[in-house]
Amino acid sequence: MKSLDPRVNRLNLPDNWSSELEKEELDQLATYEVFVQPKEGKPYQHEGIVHASNEDMAFVFAKEQFSRRNTCTGLWVCATQNVMVSELTEAGKSVYEDVSDQNTSQSNGNDKFEVFHLLKRGKQHIHMGRVEAANYDEALIHAKAAFSEGKPALNVWIVKSGHIFHSTLEDVVIWHTLPEKKFRDAIAYKAMDKIKKFKEEQAAS
Amino acid sequence: MTEIALKELLYKIADDQLILGHRNSEWTGLGPLLEEDIAFSSMAQDKVGQSHAFYAILHELGESEPDTIAFMRNADQFHNCQLVELPNGEYDFSLIRHFLFDHAELIRFQMLAESSYEPLSLLAKKLQGEVRYHVMHANTWIKQLGSATDESIKRLQGSLDFALPYALGIFELSPHESSLIDNKIFAGEDALKARWLESIEKVISETQLNLPDATVASPVLGGRTGLHTEHLQPLVEEMSEVFKIDPSADW
Chain A
6 MKSLDPRVNR LNLPDNWSSE LEKEELDQLA TYEVFVQPKE GKPYQHEGIV HASNEDMAFV
66 FAKEQFSRRN TCTGLWVCAT QNVMVSELTE AGKSVYEDVS DQNTSQSNGN DKFEVFHLLK
126 RGKQHIHMGR VEAANYDEAL IHAKAAFSEG KPALNVWIVK SGHIFHSTLE DVVIWHTLPE
186 KKFRDAIAYK AMDKIKKFKE EQAAS
Chain B
201 MTEIALKELL YKIADDQLIL GHRNSEWTGL GPLLEEDIAF SSMAQDKVGQ SHAFYAILHE
261 LGESEPDTIA FMRNADQFHN CQLVELPNGE YDFSLIRHFL FDHAELIRFQ MLAESSYEPL
321 SLLAKKLQGE VRYHVMHANT WIKQLGSATD ESIKRLQGSL DFALPYALGI FELSPHESSL
381 IDNKIFAGED ALKARWLESI EKVISETQLN LPDATVASPV LGGRTGLHTE HLQPLVEEMS
441 EVFKIDPSAD W
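Line order of the protein sequences matches chains A and B.
FYI, the numbering used here numbers position 97 of the first sequence as 102, with every residue one higher than the one before it.
FYI, the numbering used here numbers position 221 of the second sequence as 421, with every residue one higher than the one before it.
No wet-lab data here; the hints were simulated from the structure.
A quick note: this is a predicted structure, and the numbers were derived from the prediction, not measured.
Any given hint could be a false lead.
[Unchecked claim] Okay, the calculated beta carbon distance ranges per label pair:
1. A:Arg12 / B:Asp361: 40 to 50 Å
2. A:Asn17 / B:Gly422: 22 to 32 Å
3. A:Asn14 / B:Asp237: 14 to 24 Å
4. B:Glu265 / A:Asn87: 32 to 42 Å
5. B:Asn288 / A:Lys98: 24 to 34 Å
6. B:Glu265 / A:Pro19: 39 to 49 Å
7. B:Asp237 / A:Asn59: 12 to 22 Å
8. A:Leu16 / B:Leu427: 26 to 36 Å
9. A:Arg12 / B:Pro375: 33 to 43 Å
10. B:Ala391 / A:Ala139: 51 to 61 Å
[What the hints assert, rightly or not] Computed footprint of chain B on chain A, listed as stretches where at least three residues anywhere in the stretch have a Cβ under 8 Å from a Cβ of chain B:
11. 52-61
12. 69-81
Heads up, the beta-carbon is just placed ideally off N, CA and C, and yes, glycines get one too.
Bound conformation, chain A alone (with noise of 0.2 Å):
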């Protein structure tokens, strides 16, 4: 049998390959999560999770894998183990419900951690803003004053904003071309029209 595509047979795979190939358990590279921001003055909002061996690496994928449709002014990522994670509630209730409103702590450490809220299941998670906290319970503490007024918060994640890679104001330009690149966005190629012609030519011939 010979595949479709020259290029897989330029390959010349072997026809039994299966047993040499098997991969190891837990090879996979750590996850980063990805935060993109849509448009200027937007919130950056969670798109999705790249495999990567390190911020560099995660950032590069990240740009392709979750801006290259539609419009893009800035892109986060982070390792997924520096995020850290509320319960997710049930029932519209917000998580800032269980969190107390007294800072007990006596610490005054200033660490700058990054807020967001998940305002609908099944949604991506949106940035709410940035709280200077001692550690991540204070900074919870903190973002209830800061930002839960408004939609419940069904879930909230924290991110230290030092751990957070990000894109820089001169990176922008990678982005400038992509409001033209309408090609890949399926709609752009009309397909069901297309079928929808096919289709009634074949009837009328």
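Let chain A serve as the given structure and place chain B on it in line with the hints.
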């Protein structure tokens, strides 16, 4: 006279992009990691798109339609350097070629952004961002694998030694260099080569790789005047297969 020089410049830029774009697209579905497969394929698509934009300028200057230029020529009518037509080989070679070529392309676009020929300066400015990412991608991989394991360093070094003479062929002098320089259309291949060497040296010095002495290596020339390896004609035939069956094909 200037128009001949300008057309020659546009053809070689566009042909480099089309041929390398097609070569790199051969990795689609076969890349080493899913994320890299998508990134490399996207950049290949960028390159083909860029070639279209340069062919469009050529069309404005009286040459054929972009599709006709791209698909209806034989290998000996292409002006690409031989570097871009070489088979993909293993991923180390494809990465090294990507690194060597894209550094040159980014600097070429930066120089062309100053061109006195406005359609060219506008296009170069517009495309700089895309190539900035391509170079960022190449540098990230070269820095990563250029200092990773004995195998990765040995493989990249072997590919670098092999590819450098071909890469020097990017800067093959045109008979019209002085016309381009005097008319401020393009500051010339020699100026480009000097800046390119500086640019790749900077990245290589951050790895355990050694840049071969570019003053000793003999450049592989001829591509700009239609002299190609045996690998180009099969590529052109495969690339133009659909167009030749049905020139009106669309999807």
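We went through each hint and held it up to the structure:
no. : hint                            : result
1   : A:Arg12 / B:Asp361: 40 to 50 Å  : violated (26 Å)
2   : A:Asn17 / B:Gly422: 22 to 32 Å  : holds (30 Å)
3   : A:Asn14 / B:Asp237: 14 to 24 Å  : holds (19 Å)
4   : B:Glu265 / A:Asn87: 32 to 42 Å  : violated (52 Å)
5   : B:Asn288 / A:Lys98: 24 to 34 Å  : violated (55 Å)
6   : B:Glu265 / A:Pro19: 39 to 49 Å  : holds (44 Å)
7   : B:Asp237 / A:Asn59: 12 to 22 Å  : holds (19 Å)
8   : A:Leu16 / B:Leu427: 26 to 36 Å  : holds (29 Å)
9   : A:Arg12 / B:Pro375: 33 to 43 Å  : holds (37 Å)
10  : B:Ala391 / A:Ala139: 51 to 61 Å : holds (55 Å)
11  : 52-61                           : holds (count 6)
12  : 69-81                           : holds (count 3)
When each numbered hint is compared with the structure, violations occur for hints 1, 4, 5.
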